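Each residue of the sequence shown is one higher than the one before, starting from 44 at the first, in the numbering used here.
If a hint is listed, it holds; no wrong ones were tucked in.
Simulated pairs of lysine-lysine, DSS-like, Cα-Cα distance not exceeding 25 angstroms: (1) K214 x K228; (2) K228 x K241; (3) K207 x K241; (4) K90 x K214; (5) K238 x K228; (6) K90 x K232; (7) K90 x K228.
To be clear, the hints were calculated from the coordinates, so they are not data collected in a lab. Since the model is a prediction, treat every value here as computed from it, not as a measurement.
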Amino acid sequence: MKESRHDNIVRYYGSYIRKEKLWICMEFCSGGSLQDIYHATGELEEKQIAYTVRETLRGINYLHSQRTVHRDIKGANILLTTSGQVKLADYGIAARLSDTIQKRMSFIGTPYWMAPEVASVERKGGYGSACDIWSVGITAIELAELQPPFFDLQPMTALINMTKRVYQPPKLSKGDLMRWSVVFKDFLKYILVKKADKRPTAADALNHRFFSGQALGPE
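Using the sequences provided together with the hints, build the complete structure.
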């Protein structure tokens with residue numbers, strides 16, 4: 044956290060021990076999390092989703108350039124300032140990818156946002172930074188539908204389904220599908236790819252026309 048300095052990453056200022064308790068001092072994001080916001084306002088508009096996803100990908104692109112994988116991207120871990128800045132938070136399970144060991148071997152994250160290779164890590168043997176790209180796609184669906192896919196299932200059932208060969212990447216499914224553009228649906232198809240090595244990088248995802256095709260604020 045201390046080494047991460049980027050406009051889309053929550054700043055860490057220091058840690059202190061006081062009365063046998065650890066206090067972590069971080070940047071205050073008074074806008075709350077995206078989860079807080081959609082619980083109050085309902086589904087986000089497509090342009091709002093595009094903006095928050097773009098800014099999230101910028102933060103992820105920075106983390107990946109520092110050989111760090113977040114591993115728990117979701118609406119509750121994406122914070123906003125009152126000026127509208129989007130910042131990634133909660134590094135409790137972030138991990139550094141070494142130059143010699145490219146894949147993590149631990150099973151960790153929030154089940155509904157978890158990439159297939161993370162869900163099946165014990166059987167398939169590891170995962171890399173592409174798991175964050177999958178979680179971005181799931182988060183985009185979360186913002187559009189107020190919950191991630193399979194949220195009606197028990198966490199373990201959802202994980203088991205993800206490890207099956209017949210499992211297919213999720214799509215927008217609830218409400219009026221005509222509300223969402225073809226470009227948004229294409230973006231989800233582009234990043235929600237079952238095979239991790241076929242998924243785009245954060246830098247590649249940022250070049251998708253979902254972002255370039257509309258005015259989303261400062262570049």
